[in-house]
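Let's have the full structure, built from the sequences with the hints guiding it.
Going down the list, the protein sequences come from chains R and G.
Per the working numbering, the very first residue in the first sequence carries number 84; after that it's consecutive.
Per the working numbering, the very first residue in the second sequence carries number 11; after that it's consecutive.
No lab work stands behind these hints, which were simulated from the structure alone.
The beta carbon of each residue, even a glycine, is placed where N, CA and C say it ideally should be.
Hints are not guaranteed to be accurate.
As the list claims (entries may be wrong) - Distance ranges between label pairs, derived from CB positions:
1) R/Phe501 / G/Gly41: 51 to 59 Å
2) R/Leu274 / G/Leu49: 17 to 25 Å
3) G/Ala183 / R/Val270: 35 to 43 Å
4) G/Thr86 / R/Gly306: 50 to 58 Å
5) R/Ile231 / G/Gly41: 29 to 37 Å
6) G/Glu50 / R/Asn176: 35 to 43 Å
7) G/Ser176 / R/Ile476: 18 to 26 Å
8) G/Arg33 / R/Lys138: 53 to 61 Å
9) R/Leu102 / G/Phe35: 48 to 56 Å
10) R/Phe165 / G/Ser60: 27 to 35 Å
11) R/Lys336 / G/Glu50: 50 to 58 Å
12) R/Gln103 / G/Arg32: 17 to 25 Å
As the list claims (entries may be wrong) - Every beta carbon over 10 Å from chain G, so not counted as near; a handful from chain R, in silico:
13) Arg276
14) Gly281
15) Leu395
Unchecked claim - Stretch-level coverage of chain R by chain G, calculated; a stretch enters the list once three of its residues show a Cβ under 8 Å from a Cβ in chain G:
16) 253-265
17) 373-386
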Amino acid sequence: MTTQDPRPESLPQRVLESLQRDELPPRDDRGRMRLVMNNLILHLHPSKVSKRALKFTYTWGLGGLALLLLAMLVATGVMLMFVYTPTPEQAYNDMLALRTDVYFGQLIRNLHHWSGNLLLVVVFLHLLRVFYTSGFRTPREFNWVLGISLLLLVVAANFTGYLLPWDQLAYWAVTVGSSLLSYIPFVGEGLSRLILGGPEVGAATLTNFYGLHVAIIPLTLMGIASFHIWRVRKDTLTIPRDVDEERPARVEKVTTLPHLVAREFVFALVMIALILLWASWVDAPLEAAANPDHSPNPAKAAWYFMGLQELLLHFHPVFGAIVVPALALVGLGVLPYLRFDMDGEGIWFRSRKGRQMALVGAITGLIATPILVLLDEYVIDWPSLMPRLPTIISNGWIPLAALLLLLIGYYAAAKRVFKATACETRQSLFTLLVVAFVVLTVIGIAFRGEGMALMWPWEVLS
Amino acid sequence: MTEQKRTESVTKAVEQPERVSRRDFLKLAWGAAGTLALLEAGGVALTFLSPRVAEGEFGSVFTAGAVEDFPPGSVTAFNNGRFYLVRMEDGGFLALYRKCTHLGCAVPWDQAVGQFVCPCHGSVFETDGQVLNPPAPRPLDRFPVLIEDGQVKVDTGTVIERDHASPDDLVYA
Numbered sequence: 084m085t086t087q088d089p090r091p092e093s094l095p096q097r098v099l100e101s102l103q104r105d106e107l108p109p110r111d112d113r114g115r116m117r118l119v120m121n122n123l124i125l126h127l128h129p130s131k132v133s134k135r136a137l138k139f140t141y142t143w144g145l146g147g148l149a150l151l152l153l154a155m156l157v158a159t160g161v162m163l164m165f166v167y168t169p170t171p172e173q174a175y176n177d178m179l180a181l182r183t184d185v186y187f188g189q190l191i192r193n194l195h196h197w198s199g200n201l202l203l204v205v206v207f208l209h210l211l212r213v214f215y216t217s218g219f220r221t222p223r224e225f226n227w228v229l230g231i232s233l234l235l236l237v238v239a240a241n242f243t244g245y246l247l248p249w250d251q252l253a254y255w256a257v258t259v260g261s262s263l264l265s266y267i268p269f270v271g272e273g274l275s276r277l278i279l280g281g282p283e284v285g286a287a288t289l290t291n292f293y294g295l296h297v298a299i300i301p302l303t304l305m306g307i308a309s310f311h312i313w314r315v316r317k318d319t320l321t322i323p324r325d326v327d328e329e330r331p332a333r334v335e336k337v338t339t340l341p342h343l344v345a346r347e348f349v350f351a352l353v354m355i356a357l358i359l360l361w362a363s364w365v366d367a368p369l370e371a372a373a374n375p376d377h378s379p380n381p382a383k384a385a386w387y388f389m390g391l392q393e394l395l396l397h398f399h400p401v402f403g404a405i406v407v408p409a410l411a412l413v414g415l416g417v418l419p420y421l422r423f424d425m426d427g428e429g430i431w432f433r434s435r436k437g438r439q440m441a442l443v444g445a446i447t448g449l450i451a452t453p454i455l456v457l458l459d460e461y462v463i464d465w466p467s468l469m470p471r472l473p474t475i476i477s478n479g480w481i482p483l484a485a486l487l488l489l490l491i492g493y494y495a496a497a498k499r500v501f502k503a504t505a506c507e508t509r510q511s512l513f514t515l516l517v518v519a520f521v522v523l524t525v526i527g528i529a530f531r532g533e534g535m536a537l538m539w540p541w542e543v544l545s
Numbered sequence: 011m012t013e014q015k016r017t018e019s020v021t022k023a024v025e026q027p028e029r030v031s032r033r034d035f036l037k038l039a040w041g042a043a044g045t046l047a048l049l050e051a052g053g054v055a056l057t058f059l060s061p062r063v064a065e066g067e068f069g070s071v072f073t074a075g076a077v078e079d080f081p082p083g084s085v086t087a088f089n090n091g092r093f094y095l096v097r098m099e100d101g102g103f104l105a106l107y108r109k110c111t112h113l114g115c116a117v118p119w120d121q122a123v124g125q126f127v128c129p130c131h132g133s134v135f136e137t138d139g140q141v142l143n144p145p146a147p148r149p150l151d152r153f154p155v156l157i158e159d160g161q162v163k164v165d166t167g168t169v170i171e172r173d174h175a176s177p178d179d180l181v182y183a
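As structure tokens, then:
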């Protein structure tokens, strides 16, 4: 008895069919949806999306851009791995060789450097976008938490990568950054030694950071990112609304292919072009080779830690490096689990009142932060006011309590004056804190010069 | 299971509340074995990654030189040993770890003003390591100084943290 083989007649066609099962190109919507369903990469998408969710000025394509940057970082990072040796003797020479000996070496390093820095900015903006459109409401609470863990991983990837060029910038930024860890009570000293592989930044640190940067962090990042995107699909997309609009009863849906995929493709191409242009013109910084005997003046941490470093100048290190960031992180993680008393999902800044209050928060942060920095720098000297107390209380608990009281006061006052909901008031306070953080970062980058003294940006540069 | 049997088994369970079924026991045993394996793997990984101490480098005992080589009121830098050998005006020796107690920068000695001034965040220390200007939370750490046969030796393997600089920290020839 002969059995009938149902597959195509010719061998090449049988190979092709085993690779791509669906008809290509698809003839109808059903075929397009099936193609998305059955394709490993396209499967990250739902097969249909609501038409309104495609609006560019709603998402600004930030999540997709983060993914694109991740892909570019992996591609350029793997290339760099072939021309780089993570030892103190060789690392810096390899950086120089990228400039002079390796074809396209500087371009690939620039692309990697700028994509990494841009990724930090993009994930931060993505977080803001989701917050300001209430994208973390039920059932999306946990995906917000996943997003925050991704943000931390991106910071860790940037920080470990910062050391690899082994120049002065790298060496001292990592020295300062890892010293922050040693202030964690009880385990800090051990943790710092484990990460550095010894008492100070050296050959063992370079090995450790290299392993973390090229293997551990990227793998974890890709795993959690996949989880994050899968969750977005499972939780469905939020629908953008105008400020006074009710939730639509019915939403018009379109097939992901081509409506979403085509937009993503075009956006990705434009962004790649812009990043290439930038990376061709602006070189990644490289200072003199690392010298453990000589700290540069001023020794600044990486730019994304400058807000933290600015805090350190005003608080006892335990507070600047540990307590305040930990409070901020816990607060961020808890946000979606707080009680909602209004439905602002899909509306920028929740409501008309929400928009006014966010503006008030932003202006307050913009004005109050520099004033507090100046006050603490030139007028108030907490330790000398309370000479008997240890500085951890006089320059830690007391100013922190004062600051928290101010913030609680702001919350209560804003809620009363505007007769606002908790969601709107929370948003106003969140805006204040975000603006304060950005202002601190800018002060740290542009207004701190020799000896970390306050000065004008043109004096910092000279 | 018949109604009667079920009642019987329920009564049994009530009468002997401590009896663990074979299924529960195995579940518990396998769960415990799995947890133990995980903890062991974690322990091995952590120990594997623990820092190795390099011999003969920073961390060993340095011979700085003869006592007479260091006049009273002098500060001498030892880059390999990461320390300053301070000889106070009264002749007492003190070895200060050059790592800033604030955030770990290398603190240079400023001969002109006679102070240690950290370039990173502006901490200032006196000759004996005492904090003159925060943000440093405590004086510069010190290493034990040994004087044997007129030779000054510094044990960089032992970092001594202190809340206040004290004359007891000084070692005399």
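Hints versus structure:
1. R/Phe501 / G/Gly41: 51 to 59 Å: holds (54 Å)
2. R/Leu274 / G/Leu49: 17 to 25 Å: holds (19 Å)
3. G/Ala183 / R/Val270: 35 to 43 Å: Given a distance of about 41 Å, which is inside 35 to 43 Å, the answer is holds.
4. G/Thr86 / R/Gly306: 50 to 58 Å: holds (53 Å)
5. R/Ile231 / G/Gly41: 29 to 37 Å: Hint holds: Cβ distance 31 Å, inside 29 to 37 Å.
6. G/Glu50 / R/Asn176: 35 to 43 Å: At roughly 41 Å between Cβ atoms, R/Asn176 and G/Glu50 fall inside 35 to 43 Å, so the hint holds.
7. G/Ser176 / R/Ile476: 18 to 26 Å: Between G/Ser176 and R/Ile476, where Cβ atoms are some 23 Å apart, the hint holds.
8. G/Arg33 / R/Lys138: 53 to 61 Å: holds (55 Å)
9. R/Leu102 / G/Phe35: 48 to 56 Å: Once the Cβ atoms are compared, 50 Å apart, the range 48 to 56 Å for G/Phe35 and R/Leu102 holds.
10. R/Phe165 / G/Ser60: 27 to 35 Å: holds (30 Å)
11. R/Lys336 / G/Glu50: 50 to 58 Å: holds (52 Å)
12. R/Gln103 / G/Arg32: 17 to 25 Å: Hint violated: Cβ distance 51 Å, outside 17 to 25 Å.
13. Arg276: violated (6 Å)
14. Gly281: violated (5 Å)
15. Leu395: Its Cβ does come within 10 Å of chain G, the nearest being 7 Å, so this is violated.
16. 253-265: That given contact holds, which follows from 7 residues of the segment 253-265 of chain R lying within Cβ reach (below 8 Å) of chain G.
17. 373-386: Per the Cβ count (8), the hint holds.
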